[in-house]
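Chemist: The hints should help you fit chain G onto chain X, whose structure is shown.
Spelled out, the chains give:
There are 2 protein chains.
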Amino acid sequence: MTQPLWIYDTTLRDGAQREGLSLSLDDKLRIARQLDSLGIPFIEGGWPGANPKDVQFFWKLQEQPLVHSEVVAFCSTRRPNSHAEEDDNLKAILSAGTRWVTLFGKSWDLHVTEGLQTTLTENLAMIEDTIKFFRSQGRRVIYDAEHWFDGYKANPNYALETLKTAAKAGAEWLVFCDTNGGTLPHEITQIVREVIQAFKGLETPFPLQFGIHTHNDSGTAVGNAIAAVLEGVNMVQGTINGYGERCGNANLCTLIPNLQLKLGYNCIGDEAIKKLTEVSRFVSEVANLAPDDHAPFVGLSAFSHKGGIHVSAVQKNPLTYEHLPPETIGNQRRIVVSDQAGLSNVLAKARTFGIDLDRNNPTSRKILQQLKDLENQGYQFEAAEASFDLLMREALGTRKTFFTLKGFQVHCDKSSDEICHALATVKVTIKGQDILEAAEGNGPVSALDAALRKALMNFYPMIAEFQLRDYKVRILDGGSGTSAKTRVLVESSNGQQRWTTVGVSTNIIDASYQAVVEGLEYGLLLQQQEQSVSIVTVS
Amino acid sequence: MTQPLWIYDTTLRDGAQREGLSLSLDDKLRIARQLDSLGIPFIEGGWPGANPKDVQFFWKLQEQPLVHSEVVAFCSTRRPNSHAEEDDNLKAILSAGTRWVTLFGKSWDLHVTEGLQTTLTENLAMIEDTIKFFRSQGRRVIYDAEHWFDGYKANPNYALETLKTAAKAGAEWLVFCDTNGGTLPHEITQIVREVIQAFKGLETPFPLQFGIHTHNDSGTAVGNAIAAVLEGVNMVQGTINGYGERCGNANLCTLIPNLQLKLGYNCIGDEAIKKLTEVSRFVSEVANLAPDDHAPFVGLSAFSHKGGIHVSAVQKNPLTYEHLPPETIGNQRRIVVSDQAGLSNVLAKARTFGIDLDRNNPTSRKILQQLKDLENQGYQFEAAEASFDLLMREALGTRKTFFTLKGFQVHCDKSSDEICHALATVKVTIKGQDILEAAEGNGPVSALDAALRKALMNFYPMIAEFQLRDYKVRILDGGSGTSAKTRVLVESSNGQQRWTTVGVSTNIIDASYQAVVEGLEYGLLLQQQEQSVSIVTVS
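Residue numbers (the UniProt record's numbering), protein chains in the order written: chain X, 1 to 539; chain G, 1 to 539.
Okay, chain X solo, but in the shape it has when bound (with noise of 0.2 angstroms):
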């Protein structure tokens, strides 16, 4: 089997409905590109005129178009006893400007008659007057029945009348939406049959083709898709980590891998599949979510193996206790226990910074005990790359001293109403000479920065170049409530290359303090090498 099956992704719609997640537009721009990269053939961008956000990601998109994948508009069918072409809704959704629209309409009688209070008729003519309309403005249309299984369950013969009203109409997808996610496997299995059979011999003005959008409702949404999958549907709409409303959506990220390597689909290609893992932990990190280490194929705990036995028989012949490589998702076994899987990490990641440390050198074990001790206080390098290249120099010897630091203190003060007032002074030796400095900013944090960047300014003119691009703050042990360890995430940037930097700390200014600091020192220390390597050049 080798059959193609077309993966849908509404993490930017249907995910973002998730309650505690909201994404900014570079956000979703970011998110976007990164699903393009992994070669997902459509991408729902959002319901434009809904939110004015989406509106303008969709110009954004049309400024700079993704490579890969279609970006697709989702909206709803035009309003009760109106006409489609004066619809400023569906007028929304044309100034998007994708090739594709995804429209939802309703299939349960109790949705037409109770909710939209109007008559089965006119729902019917919603349908097709909608889809009449996209169609005649050129756009391609994938007709998402809402409430599907519900509807078919209550009324099967007008819950088919409008998939035949849409697909006659001009819709090329019929999607069916378990909405509710109240539906289980074995009925999708046998609904699905149905309702294909239900098609056959119908004349459309396109080729049909079926797919599945489900919810987690009942815990079930992964079999539920593959269920229908395997009763012929092949498009499967679902969302990154299975983020959204209530239980949230189908997870792509266990959806592909059980598609493309256990049942032989074509998805997203072999080498595609391989980012699966990097691209769920850089959404939870845009999210600002926290990872789900115990998620399927992805999660930092899938492949993990603990107790002698179990490791010894894992190593002799992973296949025992592992249903799945777990190289072809892109994550790693991990063996809770034994450092040796942790030496090879370290060797093969600091490969990737051009250092080649080797396995019987006491520092490369001196290196893995000091990172797994800093990971013990909660220091992650996995987003920090630029932190853990200083502490492997720092640990072979070769780390440069640019500055040292004597200390700092912050002030902030509010009165009343007023606005708080933040100040900061650091004390720093630069090349024999200490430097006093102090700076005022509207946080704790910028205040610091500011007054660190003035000390060094004159040293280090090429400072002025560095920006702080993204400032992330996750709370450690929440549990602890206010004396709880943080973590600070702090990317940089020179224009050319950027790079991230952690601190930890309980006090969220000592983290934000040391994160701040390794950014700058890093940026100087990129500016160095390029130096170097150019003069080697010249010569």
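In case anyone wonders, no lab produced these hints; they're calculated from the structure.
Heads up, a few of these hints could be off.
Copies of the same chain look alike in the list, so a pair counts if it fits in one copy or across any two.
Stated by the list, open to error - Below are the DSSO-like pairs computed for lysine-lysine, each with C-alpha atoms no more than 27 angstroms apart in a straight line: (1) 53 with 366; (2) 316 with 262; (3) 372 with 91; (4) 485 with 472; (5) 153 with 262.
Modeler: Just chain G, lined up with the frame of chain X:
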């Protein structure tokens, strides 16, 4: 259908394998008594002999037995080339004093030859001897066929032989274990069907019954268990909250409602199932793991609704957007307030706080407008219901003044490699008196929190009972670097109730301060309401 289905809980054994989960003896006993009160028929308590804590667990239950549940001891077959009667591991099982023993054995030829390094014939002898030994000691036996599905795929005849050996030796249940979690629902259906068929007509000492034990490595543990049940299996093994090694076991909090409320099996009774949400949260509390808000059926968000049309539809007819009434499993419908909120959300939410707003009252529109303004500034009330309640009271003119803030100062200080010191002073007016207090902390926010409590304590001694349970920080526009806006969520508790408040500022200390202050204020408000209620009750 009201067929009985036997639920078998292994939270205390397989669940405890979860990375990051560690249960004390007392934790295990508390969880066992909760499961007992739920009426779970079988509770696997551990592997006595492999673990001293587990030995004590069974002894404690001999002193004070469970009321409804059978506690079961878990162990493996005897060692190769030895005698069951002389095996110390098996003696330890007898001393646990249970009526039932669950014995696991190898089904997969690869595991016999490579893992155990013995012959296929010796493995059969190990199964037979061990079961006969337990039978001779008056124990009833459940046989867990480890790696069943992989074993059956690799060598169906041998796999079947292991099971037939177990049945003939006196096992009453044969349990199909998907140990690596790699099997998909349609494979379960097919294999279970074939296997049960293969046992038709086999003569065994007891009427045979079948069970299923699944893991979530493919994201289908629940679907897999259901598939087996539909083929005639009538014991389901799983864990509370799906805890377990790697990606976890089948989640009983998902399975029980699916099996009992959707498929009509008789698992734990209609009254007991209403305690499921409570038990789920209890177990996560004891395990000291954050509850999964997005868990099916029992999660905080499982019946949450946001978006205007949606909310008004749910209120008209819950069936339209809920696959099941939340109260059937002891959960609650939640109306979430967010920037997609319409007036009906605000009205519905106000009602949950006992505030009856009128749709035509200008105050309702004023609250909605304020909500939108604040959300534009970065406030988010989805998770901060206490701050939303205070906002409504403010608009209605019923917010009580417990104290008035006059200002604060925070000072952090670090020299060289020393620890970072934090000191805060606050000025508050309480009942006409100006109070100035100072405190230290291991970070600026804990120092502020301590100073505030010191100031309020003499006037409101109940503040001593308030705890900060959780502290979350989100950088809203990370792209602005250290000048970014910060949103802080603080969860407080008074021992009985929990509430969350929010603060937003470009200054992280100011944002934290807002949330901490509202947290204290709301605690005082709750205390006061309780007192006034108890006064009413007394009079």
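Chemist: Checking residue 485 and residue 472: alpha-carbon separation at most 27 angstroms within a copy, between copies, both or neither?
Modeler: both (14 angstroms within a copy, 11 angstroms between copies)
Chemist: Within a copy, between copies, both or neither: where do residue 53 and residue 366 come within 27 angstroms Cα-Cα?
Modeler: Between copies only: 24 angstroms across chains, 49 angstroms inside a chain, cut-off 27 angstroms.
Chemist: Please work out whether the CA atoms of residue 153 and residue 262 approach to 27 angstroms or closer within one copy, between two copies, in both situations, or in neither?
Modeler: Only across copies: residue 153 and residue 262 sit 14 angstroms apart there, 31 angstroms inside one copy, limit 27 angstroms.
Chemist: Quick one: residue 372 to residue 91, C-alpha cut-off 27 angstroms, is that within a copy, between copies, both, or neither?
Modeler: between (56 angstroms within a copy, 26 angstroms between copies)
Chemist: Between residue 316 and residue 262, at a C-alpha cutoff of 27 angstroms, which is it: within one copy, between copies, both, or neither?
Modeler: within (23 angstroms within a copy, 44 angstroms between copies)
Taken one by one, the earlier hints all hold for this structure without exception.
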